[in-house]
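Engineer: Each chain, written out:
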Amino acid sequence: MASRSLRLAGFLFRRSFASMLGLTLVTLIVALALLGPWIVPYPDDVAGATNLAGKLQPPSAAHWFGTDEVGNDILTRVIIGARLSLLVGLGITLAAAAIGVPLGILAGTAGGRLREAIMRVTDLFLSVPGLVLAIALVAALGPGIANAMLALVLVWWPGYVRLAESKALSIREEPFIEAARVAGAGRLRILWRHVLPNSISPLIVKMSMDIGQAILAVASLGFLGLGAKPPTPEWGAMISIARGYLPDWWWYAICPGAFIYASVLGFNLLGDGLRDILDPRSNRG
Amino acid sequence: MITYLLRRAGLAALMLFGLICLTFIIANVAPSDPAALAAGPDAGRSQIEQARREYGLDRPLHEQFLRYVTDLTRGDFGRSVANGRPVGQDLARYFPATLELCLLAMALGVLAGVPLGMLSAVFKDRWIDHATRILAVSGIALPPFWFGLLLQLGFATALGWLPTSGRLSVFTEPAAPITGLLLVDSLLRGNGALFTEALSYIILPAIVLSLPCLASILRVNRSEMVEALRADYITAARANGVLRRRLIAVHALKNAMLPTLAIIGLRWGWMMSSTVLVETVFDWPGIGLYAVSSAISGDFKPVMGVTLIVGLNFMIANLVVDLLYGTLDPRLRDA
Numbered sequence: 001m002a003s004r005s006l007r008l009a010g011f012l013f014r015r016s017f018a019s020m021l022g023l024t025l026v027t028l029i030v031a032l033a034l035l036g037p038w039i040v041p042y043p044d045d046v047a048g049a050t051n052l053a054g055k056l057q058p059p060s061a062a063h064w065f066g067t068d069e070v071g072n073d074i075l076t077r078v079i080i081g082a083r084l085s086l087l088v089g090l091g092i093t094l095a096a097a098a099i100g101v102p103l104g105i106l107a108g109t110a111g112g113r114l115r116e117a118i119m120r121v122t123d124l125f126l127s128v129p130g131l132v133l134a135i136a137l138v139a140a141l142g143p144g145i146a147n148a149m150l151a152l153v154l155v156w157w158p159g160y161v162r163l164a165e166s167k168a169l170s171i172r173e174e175p176f177i178e179a180a181r182v183a184g185a186g187r188l189r190i191l192w193r194h195v196l197p198n199s200i201s202p203l204i205v206k207m208s209m210d211i212g213q214a215i216l217a218v219a220s221l222g223f224l225g226l227g228a229k230p231p232t233p234e235w236g237a238m239i240s241i242a243r244g245y246l247p248d249w250w251w252y253a254i255c256p257g258a259f260i261y262a263s264v265l266g267f268n269l270l271g272d273g274l275r276d277i278l279d280p281r282s283n284r285g
Numbered sequence: 001m002i003t004y005l006l007r008r009a010g011l012a013a014l015m016l017f018g019l020i021c022l023t024f025i026i027a028n029v030a031p032s033d034p035a036a037l038a039a040g041p042d043a044g045r046s047q048i049e050q051a052r053r054e055y056g057l058d059r060p061l062h063e064q065f066l067r068y069v070t071d072l073t074r075g076d077f078g079r080s081v082a083n084g085r086p087v088g089q090d091l092a093r094y095f096p097a098t099l100e101l102c103l104l105a106m107a108l109g110v111l112a113g114v115p116l117g118m119l120s121a122v123f124k125d126r127w128i129d130h131a132t133r134i135l136a137v138s139g140i141a142l143p144p145f146w147f148g149l150l151l152q153l154g155f156a157t158a159l160g161w162l163p164t165s166g167r168l169s170v171f172t173e174p175a176a177p178i179t180g181l182l183l184v185d186s187l188l189r190g191n192g193a194l195f196t197e198a199l200s201y202i203i204l205p206a207i208v209l210s211l212p213c214l215a216s217i218l219r220v221n222r223s224e225m226v227e228a229l230r231a232d233y234i235t236a237a238r239a240n241g242v243l244r245r246r247l248i249a250v251h252a253l254k255n256a257m258l259p260t261l262a263i264i265g266l267r268w269g270w271m272m273s274s275t276v277l278v279e280t281v282f283d284w285p286g287i288g289l290y291a292v293s294s295a296i297s298g299d300f301k302p303v304m305g306v307t308l309i310v311g312l313n314f315m316i317a318n319l320v321v322d323l324l325y326g327t328l329d330p331r332l333r334d335a
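The listed protein sequences correspond, in order, to chains A and B.
Residue numbers are given in the UniProt record's numbering: position 46 of the first sequence equals residue 46, and the series is strictly consecutive.
Residue numbers are given in the UniProt record's numbering: position 262 of the second sequence equals residue 262, and the series is strictly consecutive.
Hints should not be assumed to be uniformly reliable.
[Stated by the list, open to error] When the alpha-carbon atoms are kept at most 25 Å apart in a straight line, the in silico DMTMM-like pairs for lysine to aspartate or glutamate are as follows:
#1 B:254 - B:232
#2 B:124 - A:276
#3 A:229 - B:322
#4 B:254 - B:125
#5 A:229 - A:69
#6 A:55 - A:69
#7 B:254 - B:227
#8 B:254 - B:322
#9 A:229 - B:283
#10 B:124 - B:299
#11 B:254 - B:329
#12 B:124 - A:272
[Claimed, not checked] Sample of chain B residues at the chain A side, in silico, Cβ under 7 Å:
#13 24
#14 26
#15 141
#16 145
#17 146
#18 151
#19 269
#20 293
#21 296
#22 297
#23 303
#24 310
#25 315
Hint data in this document are derived by calculation from the structure and do not stem from the laboratory.
Note that the structure is a prediction, hence the values are computed from the model and not measured.
We treat Cβ as the ideally placed atom computed from N, Cα and C, and that holds for glycine.
Build the full structure now, drawing on both the sequences and the hints.
Structural biologist: Okay, here's the thing in structure tokens:
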């Protein structure tokens, strides 16, 4: 992108309140994930110290969001959880894209039997809502954060095949691809230099939104008791424990949930904003 | 039209078979030994082997698959190893609760989503548009399980207006089911008290479940309405002196409804999936809660059964949407 259009994109992005809010939230979550261990108010509570004398305290100046059932500072554990959630969200999205995009481009450019085979398998995976399929996979693999991630990658890649395939299909017909072919460019070169760069904008938009959705999905599995196991400071698992302390110790559940909401909201708004500048022709769905 | 219908139905049947294969594969990659699980925690080697023979787990895989498929065609989903009951029976018992919850949530989503989408398209870039946009984004970003807990804290604990969880009070004897949907059954019997009670239990989970669906319907309807209001036929209709109200509610909405319909179909399947979270929060006795409690104990026959039921629902919803599309938009029949 030339510097002029980059400046225009920056201007359009800054003008939108929603996009800036998204960027701010994402920056905040990333900062917490990076700096977590150095900025938490109670570093001892990270590994799960026990301080039964100070358990289940309401929010106060010393503990902004109160303490949990073993006396750990809830804010500390939630900040530490940001790292895990962000890593897991990024990991799932990247892995799903790494599987789905090459398959999709292959299907879109190859055509014929191969395309038919790839797309039918994709449709099959898309025919069951992701969360249920993920639960089925976790039931078979056994609960745990690693298996939850694996299950979510397995249900997530088909979306990328769909996207990459439709992009590759539409690009294949463009004159500049024909020109490249006439100029003697090999198939791989065309894929790498022409098809991929031209499908990158919708891909970035989808990945940004999917990081948020993946964070939510992992937290959901954690909440159901199929993901991270306590005392891992995972947001969903924390809410699952906090649920047992409702309604008397209501503040326990508030903080982790607010962080899930903020990160999913952030990545969604960021994706929305990116779409407006990267892919202005597309319809805002 | 007939060929279009047949082709769609054939494709759906193929997908269903694929889904059956998928559940079979998942059940067989499991590292845990189902025979050991079935025999119980204290079983010795011989008991495990006996369980293996009993459940047919010692047969070759293709034979097991054949048996799995033939059993499924008879509506036999296998037995739960945890409680020994046939999964099909349990599914039949729990499904109406889930269906009732999803139907009400979908009704809420459509009844709120379509008018709000229209409003924000008509008042594009005004405050009402911004407000609904916040609602739409929140609907997708709010963790349903957390939102459910917040509503419980607010409406059940703090205000005391509504019950926290469950489908009916433990003291209420549910009458023999007619449709299995409590709201419908109580109306059919003319039992107003039961209807009010059932409504007070279902309303919070239905709101939580409807939010993501409301959000997508709103977004799609808004963008389609914005598009439609810009179209030439709207200008032509306006030039012909059609009232603005009629223009929006009839001419534009009719054209925006097709994509909205598609998202409703898609969301039906997703709803059956996120109901798992909502049912867990509200102790709603549906298939979602059943799947989760079985998944935690590693009992995967019930989980596979629920997966198949949800997948089937999703496929039927897609099929219905396809057919409606074909009926409403003749251009698509040849596609």
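Engineer: Hint by hint, say whether it matches the structure.
Structural biologist: Hints, verified against the model:
For the given pair, residue 254 of chain B sits about 15 Å from residue 232 of chain B by alpha-carbon distance, which is consistent with the 25 Å threshold. Under the criterion of a C-alpha separation no larger than 25 Å, the hint pairing residue 124 of chain B with residue 276 of chain A is consistent with the structure, at around 16 Å. Under the criterion of a C-alpha separation no larger than 25 Å, the hint pairing residue 229 of chain A with residue 322 of chain B is inconsistent with the structure, at around 42 Å. For a cut-off of 25 Å, the pair hint linking residue 254 of chain B to residue 125 of chain B stands: about 23 Å separates their Cα positions.
The straight-line distance between the Cα atoms of residue 229 of chain A and residue 69 of chain A is roughly 16 Å, inside the 25 Å bound, and the hint therefore holds. Between residue 55 of chain A and residue 69 of chain A, the direct Cα distance comes to roughly 5 Å. Compliance with the 25 Å bound is thereby established for this hinted pair. Using a Cα cut-off of 25 Å, the hinted pair residue 254 of chain B and residue 227 of chain B holds, with the two alpha carbons roughly 12 Å apart. The hinted pair formed by residue 254 of chain B and residue 322 of chain B meets the criterion: a straight-line CA distance of about 17 Å does not exceed 25 Å.
For the given pair, residue 229 of chain A sits about 21 Å from residue 283 of chain B by alpha-carbon distance, which is consistent with the 25 Å threshold. Of the supplied pair hints, the one linking residue 124 of chain B and residue 299 of chain B is violated, its CA atoms being roughly 51 Å apart against a limit of 25 Å. Taking the CA atoms of residue 254 of chain B and residue 329 of chain B, the gap is near 11 Å; set against the 25 Å cutoff, the hint holds. This hinted pair checks out: residue 124 of chain B and residue 272 of chain A have alpha carbons roughly 17 Å apart, not beyond 25 Å.
Residue-level restraint check for residue 24 of chain B is violated (minimum Cβ-Cβ distance to chain A is 11 Å; threshold 7 Å). Given hint, residue 26 of chain B at the interface with chain A, holds; its Cβ is 5 Å from that chain's nearest Cβ, closer than 7 Å. Annotation: interface hint on residue 141 of chain B holds; nearest CB of chain A at approximately 4 Å, less than 7 Å. The restraint placing residue 145 of chain B at the interface with chain A holds, with a minimum CB-CB distance near 5 Å, inside the 7 Å limit.
About 3 Å separates the beta-carbon of residue 146 of chain B from the nearest beta-carbon of chain A, less than 7 Å, and the hint is met. Here the hint on residue 151 of chain B is broken, as its CB sits about 12 Å from the closest CB of chain A, past 7 Å. Interface restraint check: residue 269 of chain B against chain A, minimum CB-CB distance 5 Å, threshold 7 Å, status holds. A least Cβ separation of about 9 Å between residue 293 of chain B and chain A goes past the 7 Å threshold, and the interface hint is therefore violated.
Nearest Cβ of chain A to the Cβ of residue 296 of chain B: about 5 Å, under the 7 Å cut. The hint holds. For residue 297 of chain B, the interface hint is violated, the least distance from its beta-carbon to any beta-carbon of chain A being 9 Å, above 7 Å. At a threshold of 7 Å, the smallest CB-CB gap from residue 303 of chain B to chain A is about 4 Å, leaving the interface hint in force. Interface hint status for residue 310 of chain B: upheld, as the beta-carbon distance to the closest one in chain A is roughly 5 Å, under 7 Å.
Below 7 Å, beta-carbon pairs count as interface contacts, and residue 315 of chain B has one with chain A at about 6 Å; its hint therefore holds.
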